[in-house]
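4 protein chains.
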Amino acid sequence: MQRRIRIGLVGGGQGSFIAAAHRAAARLDDGYELVAGALSSDPQRALASGLELRLDPERCYADYADMARREAQRPDGIDAVVIVTPNHLHFPVAQAFLEQGIHVICDKPMTTRLDHADVLLELAERQGLLFMVTHTYSGYPMARHARELVRNGALGDIRVVQVEYAQDWLAEPLELTGQKQAEWRADPKRAGPAGALGDIGTHAFHLAGFVTGLQVDQLAAELTTFVPGRALDDHVQVMLRYQGGARGMLWASQVATGSANRLQLRVFGSRAAIHFDQESPDQLLFTGLGEATQIVRRGATPAGGDAALATRLPAGHPEGYFEAFAQLYRDFSLAWQARVAGLPFDTAHHPMPTVRDGRQGMAFIDAVLRSHQGGSSWVTLS
Amino acid sequence: MQRRIRIGLVGGGQGSFIAAAHRAAARLDDGYELVAGALSSDPQRALASGLELRLDPERCYADYADMARREAQRPDGIDAVVIVTPNHLHFPVAQAFLEQGIHVICDKPMTTRLDHADVLLELAERQGLLFMVTHTYSGYPMARHARELVRNGALGDIRVVQVEYAQDWLAEPLELTGQKQAEWRADPKRAGPAGALGDIGTHAFHLAGFVTGLQVDQLAAELTTFVPGRALDDHVQVMLRYQGGARGMLWASQVATGSANRLQLRVFGSRAAIHFDQESPDQLLFTGLGEATQIVRRGATPAGGDAALATRLPAGHPEGYFEAFAQLYRDFSLAWQARVAGLPFDTAHHPMPTVRDGRQGMAFIDAVLRSHQGGSSWVTLS
Amino acid sequence: MQRRIRIGLVGGGQGSFIAAAHRAAARLDDGYELVAGALSSDPQRALASGLELRLDPERCYADYADMARREAQRPDGIDAVVIVTPNHLHFPVAQAFLEQGIHVICDKPMTTRLDHADVLLELAERQGLLFMVTHTYSGYPMARHARELVRNGALGDIRVVQVEYAQDWLAEPLELTGQKQAEWRADPKRAGPAGALGDIGTHAFHLAGFVTGLQVDQLAAELTTFVPGRALDDHVQVMLRYQGGARGMLWASQVATGSANRLQLRVFGSRAAIHFDQESPDQLLFTGLGEATQIVRRGATPAGGDAALATRLPAGHPEGYFEAFAQLYRDFSLAWQARVAGLPFDTAHHPMPTVRDGRQGMAFIDAVLRSHQGGSSWVTLS
Amino acid sequence: MQRRIRIGLVGGGQGSFIAAAHRAAARLDDGYELVAGALSSDPQRALASGLELRLDPERCYADYADMARREAQRPDGIDAVVIVTPNHLHFPVAQAFLEQGIHVICDKPMTTRLDHADVLLELAERQGLLFMVTHTYSGYPMARHARELVRNGALGDIRVVQVEYAQDWLAEPLELTGQKQAEWRADPKRAGPAGALGDIGTHAFHLAGFVTGLQVDQLAAELTTFVPGRALDDHVQVMLRYQGGARGMLWASQVATGSANRLQLRVFGSRAAIHFDQESPDQLLFTGLGEATQIVRRGATPAGGDAALATRLPAGHPEGYFEAFAQLYRDFSLAWQARVAGLPFDTAHHPMPTVRDGRQGMAFIDAVLRSHQGGSSWVTLS
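Top to bottom, those sequences are chains A, B, C and D. 0 is the number of the first residue of the first sequence in numbering that gives the first Met the number 0; add one for each residue after it. 0 is the number of the first residue of the second sequence in numbering that gives the first Met the number 0; add one for each residue after it. 0 is the number of the first residue of the third sequence in numbering that gives the first Met the number 0; add one for each residue after it. 0 is the number of the first residue of the fourth sequence in numbering that gives the first Met the number 0; add one for each residue after it.
Extracted from the complex, chain A is given alone in its bound form:
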């Protein structure tokens, strides 16, 4: 049995969505343990946040550079750092850990300037260190299946790429309400010069490249800011010319009313086309020229290969199945804590199935068997 990878977290104090997602992701397959953190530059808050995550107090740092140095010296030091700060800190933090010989897992966009990105690329390669940028959407089994179909030639020559990422959470000036996520994203000092472009445009760009394997040669673009007073773009439209002649369009918007997180990719080749929609990630539409559209499902033939490597559940069990299951465990946990604390438990809002439900299930089975044996006569449940 492999030991777990030891990781430390920079950024992502209390209330951070993306840090919670990183931690849950690291836990799901039981291959990591979180042992250190620089969760705030304020020492008090750094400690409090760390304790909440069950960290050893002496590994709750207020300074990321300090953390990098000290973890590098410990025999049980972290193997990798997870960087979930606002964009402008990605570069110095990544640099500090790379210089200490520590692998990096970094949120996107990798930096706020292209030359900084070049520095990190060179440094990571020189140090021979792993460096993962969390373009999450490339982790979906069906995105990987799409990529494999392209690589295997199932689409023929690619002609057209249509990719879009539509959200609406910035359709109004949320950044003025004190909402943290919106605030730093709207601030060029922390977000860099790209607004929606950096935040979601880069995801769309990565997914298109990930699946098609094509390189963009040239592009023509326009940025728009629809919400008055906003400093950065909230809308991006781009025409693409790919190496080899394919054409494409990329659209990213954070003012697309009614769109929660609609990342969609369509690729049209000379022989077939695919359509991946991140909001229905368990399926991929595949249409051969002159053939019926196929709804290819994760976990089922013909989505083997790379998709199978990234699959944990059988077909028809959407990936949210784990979360539904975890919800029962969460309810049970709350019931248990209430029990331990001698408090009442709110079963109305935490309706976990109990022995009473189990007993009713048996009564149902019993009644069905009786009715069946009686020629489908009506019988009463016991």
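Keep in mind that a hint or two might mislead.
Since copy identity is lost for identical chains, a pair holds within one copy or between any two.
Derived pair list, reagent style SDA-like, types lysine to any residue, alpha-carbon separation capped at 20 Å [unchecked claim]:
1. K188 x P85
2. K179 x R189
3. K179 x P313
4. K188 x L368
5. K188 x G152
6. K188 x D365
If you are wondering where the hints come from, they were derived from the structure by calculation, not from laboratory data.
Starting from the known structure of chain A, arrange chains B, C and D on it as the hints suggest.
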């Protein structure tokens, strides 16, 4: 900070899907730790399986009764047992742990006989112990939202319930091929007298009751076995009369060709109707009489209340988002292990985004900004 | 060139939906001409209704028996009668025309009593006359494709049939408001002893038989009336045993809140399954065991054969395309009538595309060509 | 009762899809009669084609100018001409009829040159004649509902327009196979300088303008020809700047593998967004900011107003309902013709429901009533 609940596992040795799901679910919110197990009745295999799960060797039991007694005596003994054996063992195992004062988390169907279920119900209540039956589908946020809508009267008086659970994995005699899951389910000695009825019919029955709060008064049913030579039913059809006058139909089949795991519930009331489809668990269709159908999404208004309590991710991030994220972590973990072992790493099939992708994202941003500033002129990516 | 079939109409005066549908259907392929009618038993109204349909006044009858006799004697008499009366009149009217040697097109249900149906069957066969019952849904190209797939063995042995017809227009006591359609359907004297059962249950029953070719051997059923004071059933649930061993369920309801006209048929065979949904009639889902679901579309491969025989439009042009097209023609017709009458024309609510739109389309083409020639530069529309 | 509008047809001889669509559309509401035609420039073929359409031989013209002159002189001359020739003839034909004072219904694109379009615009206005360009898709009730929502302010200020028209019928060099539709469209002499741009790009452009009421100010565009040897574009991508600040993208392609006729329009405003998909024309998605998406259906609340004016069928009856109905009438017609001719009739491929089906429906009703009366006992069909 709450301490984690200590759990032990009975059943679910290597290769068990449902045991893996239980463990992942317990891990997702970081509220449990697995510390003991009776994973096989063969001592050697019990130990090997336990070590794979990083259990202390002395807490790897070959006998569940022994485990119940010894864990009850330890100061750091398990708080709860998780039972994932074939159906016929649910009863004696649950009984053994309840008698030792240990809480129970048990897979469905709870027992194979109604009188056994009554014994467990009585015992759990007498002992004052928690007993959860894992009807997973009731953990979906939108199933809970559906239930809340009913309870709040949004549907008016319920008139019609249509519930169905269609699978096709037993459309052929899979149990004759040595497939373990199929084998014990097809064997009345281990599965009990109900085939598809016990395996999935009980889920459909529970979900309908969970959401509607209605009690079945009478039913008329027919069981069918379509695959020749099979001992138990693989198809169930039932007409339902609910207390209070509602009517319903329940259909469960494991020979429904083309259906992976299609659990669907439709409830029609005097004022509105809802439709929940387990294969698209992030949404619930709601239609008021004379109104447009609404696609209500997890994480978004109006799915607050109970749904919000069971939600971890914002709207538009399907629950599989965690799994996609975890996939990147899994790839990274494999890359790291390869690195540690001095082995090459197969990036072709584990295509995690690297610093090179991060750098390309920055090149994209840079090009878009240049094109935009040049009046949407075509520019070349650096 | 074939001459048009001469038809006469019995029932279906002003405001009748179903009579209008029959007339539009007869007109679509230009194979019929309507030349006679008994549109009301009131002579004045019969004449007025007939004139509205441009009938010769002497062929506007107030008595269907009279019409049958006199049309039978004319050298240019009708070839066929179309019967769109309330249910209780289907039998005597059909009988009267059959006896005069006139072919019959009759709405469903054919009669209100089984023995009457037997009389018509015997009479039509003895007279050697055509008799069509308008089970409209069997006219959909994809319903015919479904039937052909079954007949060709693509599904293997049929095991399970699930058919349902859900409406909600009688969820409230509409028959008490004077609404004509609801009124006679709720009246046992005119509708016969079956409510939802006769009105839509028969459609569901027919479609299932039409597609599968199977004969029902036995059934077990329950009727329910949910709306207080209603004399006939508004909800039907049935379990079916087919000859040869298949099983099925049929559900028909006119109180299924939120359902407009949801007729769905699913057939599961040993090798494949199909799913037809009348509200998306241009597609059929087909799933082979262990294969991806295919969305088979009308007008496209592989829906040839019988579907092609019933197809007028290429794939992707939904059948409503004709209606959209006809809408432009209707707008033009209204504009022309206004012109003839010297009245103003309401272009706001009849927004037909005019020469101005045509000119704008050319300006668009012109601008695109100019931009393209200028390296995708921004150009202004002329 | 209004008299029918008399129309004549120019172009659209045997085998023309679009001419058949025009004729069916004109027939659907029974407001037109076709009385003249210039269906071919070859006198023999013009006559033969005309007879097939039941035209008076003396009104079968071989020359459109001749037809314009002579019809203008007849007291029963045509009120309007329908032009369905290849694009390059639209201009001279429309001009000829306008000059004779005859209204015009013309297929799109209106001309092949912008200056010709200006001439027609000026001429039609000077003559005071009706001129309709058949942008069919604006005839869909839900496209009209979308337009009304915009006009009523339900969307707030429009920010983003995404419109696309994807087909795949020219993904291969179909024009080299002798297929007529493809041949003239690929020929600059007959199609004009725009390929996919003129053929479908203009439809997309019109629909966006029709619904939003916005005027394009500037655009930046690129045309591509993917199929080697083709003279005209088969792919168009355009970025749009609307007057008032909205932004948009337009994409039209005839090499979009797997797309039959996918015309989609999405409009995002400050308060709400809409999504119309021509392949599901009976519904419109509407999403208010922060609200659940509504599936608004034709024929149902809240799609009243303009949509209701363009609606012939109740909700849930897709517009293809008429075609399904017409199919039964077509089958009946074939059966009748076979009968008249003394030939056998192929019921296998023209499966119209007969008196036998009607009788079976009654047997079904009878059995359900018996089972219900017997406590849902199993009964056998008579």
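Here is how each hint holds up against the structure:
1. K188 x P85: within (10 Å within a copy, 58 Å between copies)
2. K179 x R189: Answer is within: at 12 Å inside a copy they meet the 20 Å cutoff, but 55 Å across does not.
3. K179 x P313: Only across copies: K179 and P313 sit 15 Å apart there, 38 Å inside one copy, limit 20 Å.
4. K188 x L368: Between. Shortest inter-copy distance 16 Å satisfies the 20 Å Cα cut-off; intra-copy 69 Å does not.
5. K188 x G152: Cα proximity of K188 and G152: none, with 44 Å in one copy and 37 Å across.
6. K188 x D365: between (67 Å within a copy, 17 Å between copies)
When held up to the earlier numbered hints, the structure conflicts with hint 5 and nothing else.
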